[in-house]
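J.: Listed below, chain by chain, are the residues.
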Amino acid sequence: MQPEDDVKLLKAIAAKDEAALAKLYDRYRVILFGLLMRILNNREEAEDVLQEVFLQVWRKAEDFDENRGRPFTWLVTLGRSRGIDRLRTLAARDRVAEAGAREAVEEISDAATDAFKSEQRGLVSKALAQLPDEQKRPLMLAYFDGLTQSEIATHLGAPLGTVKTRMRTGLMNLREQLAGKGESFGF
Amino acid sequence: MVHDDYKEMIPARALSALDAAEEQALNEHLEKCAECRKELEDWQATAAALSLTPDPVEPSPQVRERILSEVRKEASSKVIPIRSSSKRNLWSSFGSLGAIAATVLAAIQFWPDLWQVAIVVGIMLAGQALESGILTPNIIGSEIELHPVWLIFALLTFSYLFGFLGLLVAVPVSAAIGVLVRFALRTYLESSVYQGSESAKG
Numbered sequence: 001m002q003p004e005d006d007v008k009l010l011k012a013i014a015a016k017d018e019a020a021l022a023k024l025y026d027r028y029r030v031i032l033f034g035l036l037m038r039i040l041n042n043r044e045e046a047e048d049v050l051q052e053v054f055l056q057v058w059r060k061a062e063d064f065d066e067n068r069g070r071p072f073t074w075l076v077t078l079g080r081s082r083g084i085d086r087l088r089t090l091a092a093r094d095r096v097a098e099a100g101a102r103e104a105v106e107e108i109s110d111a112a113t114d115a116f117k118s119e120q121r122g123l124v125s126k127a128l129a130q131l132p133d134e135q136k137r138p139l140m141l142a143y144f145d146g147l148t149q150s151e152i153a154t155h156l157g158a159p160l161g162t163v164k165t166r167m168r169t170g171l172m173n174l175r176e177q178l179a180g181k182g183e184s185f186g187f
Numbered sequence: 001m002v003h004d005d006y007k008e009m010i011p012a013r014a015l016s017a018l019d020a021a022e023e024q025a026l027n028e029h030l031e032k033c034a035e036c037r038k039e040l041e042d043w044q045a046t047a048a049a050l051s052l053t054p055d056p057v058e059p060s061p062q063v064r065e066r067i068l069s070e071v072r073k074e075a076s077s078k079v080i081p082i083r084s085s086s087k088r089n090l091w092s093s094f095g096s097l098g099a100i101a102a103t104v105l106a107a108i109q110f111w112p113d114l115w116q117v118a119i120v121v122g123i124m125l126a127g128q129a130l131e132s133g134i135l136t137p138n139i140i141g142s143e144i145e146l147h148p149v150w151l152i153f154a155l156l157t158f159s160y161l162f163g164f165l166g167l168l169v170a171v172p173v174s175a176a177i178g179v180l181v182r183f184a185l186r187t188y189l190e191s192s193v194y195q196g197s198e199s200a201k202g
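Those protein sequence lines, which keep their order, are chains A and B. Under this note's numbering, the first sequence has 135 at position 135, and the numbering climbs by one with no breaks. Under this note's numbering, the second sequence has 78 at position 78, and the numbering climbs by one with no breaks.
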């Protein structure tokens, strides 16, 4: 993990250092693009949003506050919310995409998945696998499909209260699973 | 609702899965409650871990190019805000027009006496050198950052509306208006109204 390094990069970007932006892009492009592809399932849209995200990083890097979380969290939260925004715009334009019915995306880049991230990915996948399906699905529907709790309740045909509880329990379990697995997740 | 109710909503907020009304209520609470803000940051870190579960995908190399060229464009448009060179050209072309007119008039007036004409030309040249070399760059110069067309428009409008006094205040007033307009535009472009909402900032 290079959180201090990332903090430095963001500070350099805030000072309008182009090379730092390029470096941050190279470090996180495959993760963010993978995330955006998972959300949007469309290469063109995902690339467009990816560009938008990094331009926003360029303009907003000075808003990043290292006391309020990790660069990774900041970047990913920004990327994800931009992706979901785009998904909603598209869904409003076309028909609503069938949530959850997405094909897995192939093309894994080995060049850019360095040891750190693949290790982290392994940890998260393992932690997620420990969750019962009824807790995992609400998490996935919220995070990758941008559904709200009541939309998830409708989608799964479960009572809203149940969905709320399962979602909370699911995220708590995930946090417990990840706790003590290194500094990298911010706790 | 009490603090604990809000606290219970925070994991869902980190997944941005709250329904609109709940989210608004929680956001109001977050403004006041530092403990809940910290809590939200922690949950956001957990939620961010989910971003690692999809397979990484390589975007096409053009995206990198597009980002960097866009960034460069922004950077250069900030460094060169319609430089004073165009202004100086305009002012000095006014100056030389005046110099030619004065020379022609002097020639008609004093024709056989070339000395008189030379004196007029000398005065015009000295005046113009003073104006374009020292006065314009320093006084009007890059400081006010107004396009010459705006300047002309301001001078015409103010003199028409307020006469001679208008002519005097035209440049400083329009420069002040320019500063305010640029500030308003920048604030708007950076605001969430233009950029869209984003929960990233918690």
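No lab work stands behind these hints: they were computed from the structure. Treat the hints loosely; a few may be bogus.
Said to hold, decoys possible - In silico contact screen, one side only, chain A against chain B (beta carbon under 10 Å); selected entries:
id, residue
1, Glu18
2, Arg29
3, Ile31
4, Asp48
5, Glu134
6, Leu156
7, Thr162
Said to hold, decoys possible - Restraint-style ranges between C-beta atoms, simulated for each label pair:
id, chain 1, residue 1, chain 2, residue 2, range
8, A, Asp26, B, Gly98, 25 to 31 Å
9, A, Thr165, B, Gln62, 16 to 22 Å
10, A, Asp26, B, Glu74, 56 to 62 Å
11, B, Val181, A, Glu176, 52 to 58 Å
12, B, Val181, A, Asn41, 26 to 32 Å
13, A, Glu18, B, Thr103, 17 to 23 Å
14, B, Gln195, A, Asn41, 23 to 29 Å
15, B, Gln195, A, Ser125, 32 to 38 Å
16, A, Asn42, B, Lys38, 33 to 39 Å
Heads up, the beta-carbon is just placed ideally off N, CA and C, and yes, glycines get one too.
J.: Indicate, hint by hint, whether the structure satisfies it.
T.: Now the hints, each set against the structure:
1. Glu18: Hint holds; glutamate 18 of chain A Cβ to chain B Cβ min 6 Å, cut 10 Å.
2. Arg29: Hint on arginine 29 of chain A: holds, closest Cβ of chain B at ~6 Å, below 10 Å.
3. Ile31: At about 6 Å, which falls below the 10 Å cut-off, the nearest Cβ of chain B leaves the hint on isoleucine 31 of chain A intact, so it holds.
4. Asp48: holds, 9 Å
5. Glu134: violated, 16 Å
6. Leu156: This interface hint is violated because 13 Å lies over the 10 Å limit.
7. Thr162: Hint on threonine 162 of chain A: violated, closest Cβ of chain B at ~13 Å, above 10 Å.
8. A:Asp26 with B:Gly98: 25 to 31 Å: This hint is violated: roughly 58 Å between Cβ atoms.
9. A:Thr165 with B:Gln62: 16 to 22 Å: Cβ of threonine 165 of chain A to Cβ of glutamine 62 of chain B: about 45 Å, so the range 16 to 22 Å is violated.
10. A:Asp26 with B:Glu74: 56 to 62 Å: violated, 20 Å
11. B:Val181 with A:Glu176: 52 to 58 Å: The hint (52 to 58 Å, Cβ to Cβ) holds, given that valine 181 of chain B and glutamate 176 of chain A are roughly 54 Å apart.
12. B:Val181 with A:Asn41: 26 to 32 Å: Since the Cβ atoms of valine 181 of chain B and asparagine 41 of chain A sit about 43 Å apart, the hinted range of 26 to 32 Å is violated.
13. A:Glu18 with B:Thr103: 17 to 23 Å: violated, 52 Å
14. B:Gln195 with A:Asn41: 23 to 29 Å: holds, 24 Å
15. B:Gln195 with A:Ser125: 32 to 38 Å: With a Cβ separation near 33 Å, glutamine 195 of chain B and serine 125 of chain A satisfy 32 to 38 Å, so the hint holds.
16. A:Asn42 with B:Lys38: 33 to 39 Å: Holds - the Cβ-Cβ distance for asparagine 42 of chain A and lysine 38 of chain B, about 37 Å, lies within 33 to 39 Å.
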